[in-house]
Amino acid sequence: MSLASGPGVAGSLSLPEELQLAIEPHVKYIQSLDSRRDELEYWLTEHLRLNGLYWGLTALHLLGRPDALPRDQTIQFVLSCQHENGGFGAAPGHDAHLLYTCSAIQILAMIDAFDVLDEKGKGEGGGREGVGKYISSLQNQTTGTFAGDEWGEEDTRFIYTALNALSLLSMLDIVNVDRAVEYIISCENFDGGYGVSPAAESHSGQIFACLGALSIANRMDTVNVDKLGRWLSERQVEAGGLNGRPEKQEDVCYSWWVASSLTMIHKLHWIDGKKLTNFILKCQDPKEGGFADRPGDMVDVFHTCFGVAGLALLEFPGLEEIDAR
Amino acid sequence: MASHGVARPATTILRSAEELQAEQAEIREYQDLENRIQANIAARNYTVEVLELTSKLLKKNPEYYTIWNVRRRLLIYGLFSKSSDSSSPSKGSQSTSPIVTTQTSSIPSSASALGTLKALDATQLDPESPNHGKNGTILDIIRADLEFLFPIMIKYPKCYWLWNYRLWLLQQANERLDPGITRGLWEREMILVGKMLVKDSRNFHGWGYRRKVVSELESEKLHGRSMVEPEFEYTTKMIHGQNGLSNFSAWHRRSKLIPRLLEERNADDATRRHFLKDEFDLVISAMYTDSYPYAQSAWFYYQFLMTTLTEYIGHATITPNFTQVGRIEYVGCQLSILKEMLDGAEDCKWIYDALVEYTMTLARMEERELCEGEREDCKLWLVELSKLDVLRTGRWDDLGLIFSKSP
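Protein sequence lines, in the order shown, are assigned to chains A and B. Read in order, the letters of the first sequence correspond to residues 1 to 325 in UniProt numbering. Read in order, the letters of the second sequence correspond to residues 1 to 407 in UniProt numbering.
None of these hints come from the bench; they were simulated from the model. A quick note: this is a predicted structure, and the numbers were derived from the prediction, not measured. Mixed in with the good hints, there may be bad ones.
Said to hold, decoys possible - Counterexamples of contact, computed for chain B against chain A with all Cβ distances above 10 Å:
(1) GLU63
(2) LYS195
(3) LEU217
(4) SER219
(5) GLN242
(6) ARG273
(7) GLU369
(8) LEU380
(9) VAL390
Stated by the list, open to error - With the Cβ distance kept under 8 Å, some of the chain B side facing chain A (calculated, not the full set):
(10) GLU23
(11) ASN164
(12) GLN324
C-beta: ideal position from N, C-alpha, C; glycine also.
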């Protein structure tokens, strides 16, 4: 899976009034990504390979083409990224980190391959247990938050990735969920949003992570829905797209981070879904496939995933339903 | 991500045979570098030469997090223990690594601390000298690494791994060097992060890093004291700088500093009340200049100030000893100010939004239903909001439901 951008460019063709989703080109674009080994950028983005696979596969599932990537090769690649400690790296030879461990578990869950993990997985106890133990070892017992890896960086994103992976593995009980929830609450700001850590500015990506974690922990009761809904709805700009923070530029990826957050608090109708849909569609390259952050920019698989996911959330016809809650 | 905001060149990427060849050569060179590093690490060659190889690779690709980890291992297991100010080889774990400090009874005597001080002087005298030389001190190594990072950070200011690695380096200094020397390193970080925030005043990595640097400099272990006053000053400066009023990051930081600032000033009730008024004046005057009154950052800060009055229990407060009557009076005054603001700014949705919100809040604080006049006002304001802000029609409709119910 190449993380290299292009070759397509968003909105390069004159688009018809009634915008269409170019499903086939998007599928082909994702399928072609691993055949770009002659490009330097393919190698420079190896540190995102496993995430890239997750993004590509998620988009394919939403596009109704879950079998468009070979299942066996996918499983083989995912398992080749696992370390003896049970964690996964971005690619073979890359260090284990929670971000990639979550992607690995999400991929294996998506293609229903936990049995292969149980058979061949590494880590203490092997299989699902091996991965679970790696994740639980990263929880800070005092504060409840999680480190990304052995070097100790902490960020609310890691609480989400830990709880998400553990919930998919049905192993939430091996960590202290209550304490993690307390930590998230300590990151809440006056505007109802959440940042990377206590005292950090509200950021839509972190809000998605914190709400996702609270949702998994079944603690959405702690959220200040009206304030957060107000702040999140103000992320929509005139062009129809969403930004991540006040007075920043819009970007297709926030079509997921913001819109799914609004969905989690039952306020998706507080933004203009039709305008957002049009903005997302303008960010696709209808001929070569793929989505970019904004019209006119190079496409890549990250924005392709979150563009398609945004459309699915907005119930765009032809896409699989998505349950953000 | 590799392609945030990357515009495509006008011509499609049709590369000549030479260009294709050059790219293949570049790929080979890159992979060769990667292989050499991996082979050396596998052979536990924790040397300066290998460190230089990682430098070369990381300059090409600072997102390669594994190589930053390799670099950490090179320092911990190799270079720190081989440095001229360490007396025994490290056994690998941080706790057994040589620590240079005058406060532990293990090795380092004050003499070695003096040596390190001299090294500091030497590096300050000669800016060219810091390098990863074989006989450098731990301080030399850390300083050289910090300098190595700077141009890469300028080029890739949003790369998480870079900021993390930098913090890790400084934490190594905390563990291994004399607090007096380490403090000097952290002080220089204030200059660095200041520069980064001048380049991009909204970089949230920068703001986060600044909070960490400040908390280190304030810490007891570095003989620090509170920096809340200069930090508060800094937010004032940022807000008054170019596009400052739209700098929500600065407003946000300000909101977090205020409670501590007043505490440390031992502010009495009158001072606090005056302070609150000054903040309202600041944000309202901010609304009246620049892109008045449409910039949402100032309006969110306005929301913060109001929150200190309306939701003071369990939240940041500026005037803790205000009576409920006093708070209600204050909110009422703000409602009058907002109504005045509408004059000449009838197309500013933020004013209507605030009017609706604080009219409801006022009734809630007075533990009563909305009166008929308020209800009618709110309905009219919502009509304006629906006209001015069609993107958020769903929100205005939801609010409308509250007022359509019979009292």
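Results for each hint:
At roughly 5 Å, the least C-beta separation between B:GLU63 and chain A is not larger than 10 Å, which violates its mark as non-interface. The claim that B:LYS195 is not at the interface with chain A holds, since no C-beta of that chain comes within 10 Å of its own (minimum 20 Å). For B:LEU217, the requirement that its beta carbon stay farther than 10 Å from each beta carbon of chain A is met, with the minimum near 16 Å. At the 10 Å boundary, the C-beta of B:SER219 stays outside the reach of chain A, the nearest C-beta of that chain being 16 Å off.
Chain A leaves B:GLN242 outside its interface by the beta-carbon criterion, the shortest separation being 13 Å against a cut-off of 10 Å. The Cβ of B:ARG273 lies farther than 10 Å from every Cβ of chain A, with a closest approach of about 20 Å, so its non-interface assignment holds. For B:GLU369, the requirement that its beta carbon stay farther than 10 Å from each beta carbon of chain A is met, with the minimum near 19 Å. At roughly 20 Å from the closest C-beta of chain A, the C-beta of B:LEU380 stays outside 10 Å, upholding its exclusion from the interface.
Annotated as non-interface, B:VAL390 brings its C-beta within 10 Å of a C-beta of chain A; the closest such distance is 7 Å. Because the closest C-beta pair between B:GLU23 and chain A is about 5 Å apart, less than 8 Å, the hint holds. Because the closest C-beta pair between B:ASN164 and chain A is about 5 Å apart, less than 8 Å, the hint holds. Proximity of B:GLN324 to chain A is violated relative to the hint, the smallest CB-CB distance being about 20 Å (cut-off 8 Å).
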